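Student: Dock chain E with the ligands against the given chain P, drawing on the hints supplied.
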Amino acid sequence: MIHNPLSVNLCNIELKNPVITASGTFACGFEYGKLYDISKLGAISVKGITREKREGNPSPRIAETYGGILNSVGLQNPGVEIFAKNLLPYLETQKIPVIANIAGDTEQDYCYLAERLSNTSVAMIELNISCPNVKEGGMAFGVKPDSVYKITKAVRKYCKKPLMVKLSPNVADIAENAIAAEKGGANAISLINTIKGMAVNAETRRPILKNITGGLSGPAIKPIALRMVWEASRAVKIPIVGMGGIMTATDAVEFMLCGATAVQVGTANLTNPLNASMIIDELRRYVDKNKLKSISDIRGQLITE
Amino acid sequence: MKELFLNVRENTTLIKGVTKIKLYNANLPEFTPGQFINLSAGSFDGLLLRRPISVFKYDAENKIFEIVFEVKGKGTAFLSRLKGGDLPGTVFLGNGFSLDQNVKRVALVGGGLGCPPLYSVIERYKGRGVKFYTYLGFSSQSKAILLDDFGKVSERLKVATDDGSYGEKGYITDVLKKDIDIIKPDVILACGPTPMFKALKALKLSIPTYISMEARMGCGIGACSVCACATISGNKRVCADGPVFNIKEVIL
Ligand SMILES: Cc1cc2nc3c(=O)[nH]c(=O)nc-3n(C[C@H](O)[C@H](O)[C@H](O)COP(=O)(O)OP(=O)(O)OC[C@H]3O[C@@H](n4cnc5c(N)ncnc54)[C@H](O)[C@@H]3O)c2cc1C
Ligand SMILES: Cc1cc2nc3c(=O)[nH]c(=O)nc-3n(C[C@H](O)[C@H](O)[C@H](O)COP(=O)(O)O)c2cc1C
Ligand code: FES
Chain P
1 MIHNPLSVNL CNIELKNPVI TASGTFACGF EYGKLYDISK LGAISVKGIT REKREGNPSP
61 RIAETYGGIL NSVGLQNPGV EIFAKNLLPY LETQKIPVIA NIAGDTEQDY CYLAERLSNT
121 SVAMIELNIS CPNVKEGGMA FGVKPDSVYK ITKAVRKYCK KPLMVKLSPN VADIAENAIA
181 AEKGGANAIS LINTIKGMAV NAETRRPILK NITGGLSGPA IKPIALRMVW EASRAVKIPI
241 VGMGGIMTAT DAVEFMLCGA TAVQVGTANL TNPLNASMII DELRRYVDKN KLKSISDIRG
301 QLITE
Chain E
1001 MKELFLNVRE NTTLIKGVTK IKLYNANLPE FTPGQFINLS AGSFDGLLLR RPISVFKYDA
1061 ENKIFEIVFE VKGKGTAFLS RLKGGDLPGT VFLGNGFSLD QNVKRVALVG GGLGCPPLYS
1121 VIERYKGRGV KFYTYLGFSS QSKAILLDDF GKVSERLKVA TDDGSYGEKG YITDVLKKDI
1181 DIIKPDVILA CGPTPMFKAL KALKLSIPTY ISMEARMGCG IGACSVCACA TISGNKRVCA
1241 DGPVFNIKEV IL
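If you read the protein sequences in the order shown, they are chains P and E.
Residues in the first sequence are numbered from 1 upward in steps of one, following our numbering.
Residues in the second sequence are numbered from 1001 upward in steps of one, following our numbering.
Among the hints, erroneous ones may be present.
Straight-line alpha carbon distances no greater than 30 Å define the calculated BS3-like cross-link-like pairs of lysine-lysine that follow [claimed, not checked]:
hint	chain 1	residue 1	chain 2	residue 2
1	P	Lys210	E	Lys1074
2	P	Lys85	E	Lys1002
3	P	Lys160	P	Lys40
4	P	Lys183	P	Lys157
5	E	Lys1057	P	Lys34
6	P	Lys160	P	Lys183
Example chain E residues on the side facing chain P (calculated, C-beta under 7 Å, incomplete) [claimed, not checked]:
hint	residue
7	Ala1144
8	Pro1208
9	Cys1219
10	Ala1223
11	Val1226
12	Ala1228
13	Asn1235
Here chain E is said to cover these stretches of chain P; the calculated rule only asks that three of the stretch's residues, wherever they fall, bring their Cβ under 8 Å from a Cβ of chain E [claimed, not checked]:
hint	region
14	13-26
15	56-64
16	67-73
17	265-276
Everything labelled a hint here was simulated from the structure, so no lab data went into it.
Fair warning: this is a prediction, and the values are worked out from it, not measured in the lab.
Yeah, the Cβ is synthetic: ideal placement off N, Cα and C, and Gly gets one too.
Next comes chain E alone, as it looks inside the complex:
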């Protein structure tokens, strides 16, 4: 964990309202896939809190990583306009996803802006002979992102949209269910909105499943206790005990 000035190297609009930014610092610390950063959103408009954003791609050699985020309010609107300059941020935070040696087949389940961090898992484990089966859900074709990126590195990529405008119509979790006996994953990793996690839990699969949770945050480093997530063993801090939890543990 380090507090660094992150240099904005590139800003791309992926689709309307979704931005990809490349950030550089010569002293980036070690990174575990699924970790996030707590990024300053400037001090204009009286903003005091940082914005937690997941890492999409991490390039250790060039000390660059990428984030993909949707413009929601003032903070992300500010970030989406950045073309250069330095921004303070704490990197890299949380536990992230880690795969056991014996895991060879992984199902990834992403919903909307929950998709980006799943890519960092493929990036890390692809070269170690792990196969990835990717299932991404969006509200509509116009909201679909990163399909090319995931398509290139997944054994199989399936997409579902709520309105049926692209891929299959309906929940991505139902698409996963239909495929589960064919892809036979050793583990399922998911990131997306809570309703998606509920649907995933409702499938009652016997496969170990890990989900990346969201919560409004303060410090992002485990010190202020604001980011509580209710679990069967009491409140846990999403920023420090998570954001990745076993789905069995979380009270959704």
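So here's chain P without its partners, still in its complex pose:
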């Protein structure tokens, strides 16, 4: 077999490259599949899945801020059964590892979803305890280290796939939360989810989002995301998937230098639907130029002295 310097190993899952499309910006890949061959992606993290169908929040649900976007979609999705029956089969034909991003109102919801999806072809489960746009559950489970530990431990029992816990940046100490997830039995950590924020129209004196607040993503949050990946990676042994404002391969490399095994690309898909694909191509040029045997060689190689 030809050696692929971009391949990375995440919880014993072989990814063709470290680029994963982030939950909520890529649906289940079908739409992007009309624009490029999505089987080139390292993996896809699908839109947050709940037990029942959800309509999400009222529109407007997106606002543009300087170097960032705020969204308040609020986990609109067709529910786990429709996902398993109608959406997952398409992804199976694409032969890419699928990461099922799950969310619920209660601990039981998360356990149920983890168990249900363990009986499907998904490669991994991503526990979304960090959505700032829903009233019940969501971020409430992800703020305090105790609750991160408790929910991870509970879900672990029902989850037969590698379990990745997606951490919220809206917390006091990211390292403590990372440790809590690891102790609870997480196999990996992904971070960061969006940062709670808001945007206002000075003329109408109204918030731009109908939901008033939303989650900030994009380059505006990258420095915070890098810092959190750095702090988390020094606190735990399990692999870290970094994200927050990655627009180019250079951004992805920065996250890997700070300790990320792989990265997720979210907002960049909205800026240009080909961005995830272009980041992979650029990463290939990066390893060639730097004569790296493997992209993983740069993981955690930040020079600090």
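Tutor: Chain E with the ligands only, in chain P's frame:
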């Protein structure tokens, strides 16, 4: 649907604050009238989102299409200054307006910057013996656009302004109501602001009516769910399930 670099071929100021741009690419895909594009607005000023803009005219032979837009904020201000160069955009998006074989008489109702996409419908169906009766509403004479273009291809063109400075004073939907028994349309197609759709719905006409909705968008291709439009059967994506919906379906 394709992601392409669109070459800016011509930039015309129609009236103060409204620009028309011609865009070219040798590989333009098929186009359905009423479809839109999701156009990059550059990366200056920290802009990340593309701007959804409808297609005004489409010339399949020369691989050129035109857009008409109003300068609202940073993105459209950037676009209005373009004189050349290439801009990435996803073309052509959404369902668009399509007419059944048996439709022979169409009433078009446009409000402000909702008018341009209606022209693409005439362009497509005019040669197939369909007659168009066009009703356009603007806030004032100084805001009226595309009257010559629509005038040339419509059986009848009526204009209303809020302040009465041009055409009839008041809502264009009231003008349509007065004419409805004379023009007897098989279908009504509308694009404009929500209050216009509400007024149209309030007429309670028994004629099938399709409206092109607006929503703030992210991806523009149906993947991010931000562009929700409330309908009687739950939230629909304006970019992929729309932008054209049956007026009966939408909760206005
Ligand atoms: C399907 C569709 C077709 C459209 N066609 C046309 C057209 O042919 N001509 C025209 O003049 N305008 C059209 N619009 C409206 C146009 O997209 C907005 O005026 C434009 O995005 C404003 O961008 P801005 O940067 O100037 O304003 P800003 O207010 O600075 O934009 C900030 C953000 O809000 C979004 N936004 C602001 N107003 C609107 C709006 N009314 N609808 C959707 N998003 C908005 C922008 O895209 C951007 O993401 C259309 C909108 C949609 C959804
Ligand atoms: C429109 C939108 C929807 C999102 N939906 C989800 C979601 O359902 N589940 C989740 O875990 N994260 C969701 N996110 C967060 C992203 O997956 C990602 O964590 C965040 O946007 C930061 O990465 P970015 O800056 O590359 O976008 C969403 C983000 C956006 C912009
Ligand atoms: S804009 Fe992304 S789904 Fe419509």
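Student: Are the hints correct? Go through all of them and say.
Tutor: Hints, verified against the model:
Distance check on the hinted pair: Lys210 of chain P and Lys1074 of chain E sit about 22 Å apart at the alpha-carbon level, within 30 Å; holds. In summary, the hint linking Lys85 of chain P to Lys1002 of chain E is supported, as the alpha carbons are separated by about 28 Å, within the 30 Å threshold. This hinted pair checks out: Lys160 of chain P and Lys40 of chain P have alpha carbons roughly 26 Å apart, not beyond 30 Å. Restraint check for Lys183 of chain P and Lys157 of chain P: the C-alpha separation of about 13 Å stays at or below 30 Å, so the hint holds.
At roughly 25 Å between alpha-carbon atoms, Lys1057 of chain E and Lys34 of chain P fall within 30 Å of each other, so this suggested pair holds. Proximity of Lys160 of chain P to Lys183 of chain P is assessed by CA-CA distance (about 17 Å); at most 30 Å being required, the pair is judged to hold. Violation of the interface hint for Ala1144 of chain E is found here, the shortest Cβ-Cβ separation to chain P being roughly 24 Å, above the 7 Å cut-off. For Pro1208 of chain E, the interface hint is violated, since its Cβ never comes within 7 Å of a Cβ in chain P; the closest pair sits about 25 Å apart.
With its C-beta approaching chain P no nearer than about 5 Å, Cys1219 of chain E sits inside the 7 Å limit, and its interface hint holds. Hint status for Ala1223 of chain E: holds, given a least beta-carbon distance of 4 Å to chain P, under 7 Å. Annotation: interface hint on Val1226 of chain E holds; nearest CB of chain P at approximately 4 Å, less than 7 Å. Among the interface hints, the one on Ala1228 of chain E holds; its C-beta lies about 5 Å from the nearest C-beta in chain P, closer than the 7 Å criterion.
Given hint, Asn1235 of chain E at the interface with chain P, holds; its Cβ is 5 Å from that chain's nearest Cβ, closer than 7 Å. Note: the region 13-26 of chain P has 3 residues with beta-carbon separation from chain E under 8 Å; the three-residue rule is met and the coverage holds. Given as covered by chain E, the region 56-64 of chain P passes the check, having 8 residues with a CB less than 8 Å from a CB of that chain where 3 are the minimum. Here's how the region 67-73 of chain P fares: 5 of its residues keep a CB closer than 8 Å to some CB of chain E, so the rule of at least three is met and the hint holds.
Coverage of the region 265-276 of chain P by chain E holds. Counting CB-CB distances below 8 Å, 7 residues qualify, and the rule asks for three or more.
Hint violations for this structure: numbers 7, 8, all remaining hints satisfied.
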